[in-house]
Amino acid sequence: MWAGASGPSANTSTGCGTASTLTPASKRATRPYCGAGWDTVGDLTALGLSPDEEATYSALVASGPADNEQNAVLTGLIAKGLVSRVGERYVAVAPDIALEVLLLEQERLLRDARAHIDDLSAAYRNHTGTPTATLVELVTGGGAVRQRIDQVQAAARTELRRLVKAPYGDPPVQRAECRTVYEHGVLDAHGNETARVLPALPIHLYLADDRLALVLLSEESAVLVQPCGLFDAYVELFEALWEGALPVKADGTLVKLLLAGLTDQAIARQLGVSERTAQRKIAALMQELGARTRFQAGAQAAIKGQ
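The sequence shown runs contiguously to residue 494 in our numbering.
Simulated from the structure, these hints should not be mistaken for lab results. Be aware that a few hints might be false.
[What the hints assert, rightly or not] Each pair of labels, with its calculated beta carbon distance range:
1) Gln453 - Asp398: 41 to 49 Å
2) Thr263 - Ser309: 34 to 42 Å
3) Ala260 - Asp420: 50 to 58 Å
4) Arg399 - Asp300: 30 to 38 Å
5) Pro387 - Leu297: 47 to 55 Å
6) Leu326 - His304: 24 to 32 Å
7) Thr233 - Ala354: 38 to 46 Å
8) Thr233 - Glu408: 36 to 44 Å
9) Pro239 - Glu408: 19 to 27 Å
10) Asn259 - Thr233: 17 to 25 Å
11) Ala301 - Ser272: 29 to 37 Å
12) Glu407 - Leu291: 40 to 48 Å
Yeah, the Cβ is synthetic: ideal placement off N, Cα and C, and Gly gets one too.
Work out the full structure, taking the sequences as your base and the hints as a guide.
Written out as structure tokens, the structure reads:
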């Protein structure tokens, strides 16, 4: 029985304890716990739970049924299907059942929101009566350009395609479906993308699916392009450059430089890349081959014909 509990109590069936009564989180000095993994109030708010509801539900899951006077928090949990009342006791419904239902509902709401965004986007393009007026947007100011880069990269639902050119550098990629062609001088491939390299690139470009293109004109200006003939030209340009680019992988030059015992700085100069990029390529090769030293990596790669 939780009501009136004044300190942690053992639970022999779960190895968990509770540090308070079933009262709202805002009125408790401490909260229910079940090892380190239970210190996670706020993780379930995305499913529509308030902090008090999450804390109370977590306590019921951790320590089993409890006697308590019904309050607004318990009423809310019952309405959400997370708690049931059995006689005078409150019992948590299994998380893999109850929370899964809430998760599916949130996913449905997200799908509806995405569809509404698409409708609003269509209305935005057509509200002036001349859709072409909004197909190309000039973005000015360094902050606005960086914001648009982040937005376009995040907007890709299926695939992100990029041409990365000096001197703009390479913003981080947070998604797996990414193809990037690097200009040789800024080669800095990440582990979660498929990368190729060319000696030079004509433009610095981001393509989010077949919906958005962003072309950097300078560090302070860019052009955002919606689907149109110009957009199609950028897509064709990317694919043509991709076909002609060389895959980024451990090559014979890197192997020879490792066997020669050169420093990272010297290797970077020979490869025409930054020292950080050279270090990343060396580390990737060593990990791939299971080598403990740079010389061993070069020797093993040479033996395997890389």
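Comparing the hints with the structure gives:
1. For the pair Gln453 and Asp398, the supplied restraint of 41 to 49 Å holds, since their beta-carbon distance comes to about 42 Å.
2. A C-beta distance of roughly 40 Å is found between Thr263 and Ser309, which places it inside the suggested range of 34 to 42 Å.
3. Separation of Ala260 from Asp420 is about 56 Å and conforms to the stated range, judged on CB atoms against 50 to 58 Å.
4. Checked against the hint of 30 to 38 Å, the C-beta distance between Arg399 and Asp300 comes to roughly 19 Å, which is inconsistent with it.
5. The beta-carbon spacing between Pro387 and Leu297, approximately 48 Å, falls within the hinted interval of 47 to 55 Å.
6. Here the CB-CB span from Leu326 to His304 is close to 27 Å, well matched to the stated 24 to 32 Å.
7. Restraint check, Thr233 to Ala354: a C-beta distance of roughly 43 Å satisfies the suggested window 38 to 46 Å.
8. At about 39 Å, the CB distance of Thr233 to Glu408 agrees with the hint of 36 to 44 Å.
9. About 43 Å separates the C-beta atoms of Pro239 and Glu408, a value inconsistent with the hinted range of 19 to 27 Å.
10. For Asn259 and Thr233, the hinted distance range of 17 to 25 Å is satisfied, since their beta carbons lie about 19 Å from each other.
11. Ala301 and Ser272 have their C-beta atoms about 31 Å apart, which keeps the hinted 29 to 37 Å range intact.
12. For the pair Glu407 and Leu291, the beta carbons lie near 42 Å from each other, so the given range of 40 to 48 Å is met.
The structure shown violates the earlier hints numbered 4, 9.
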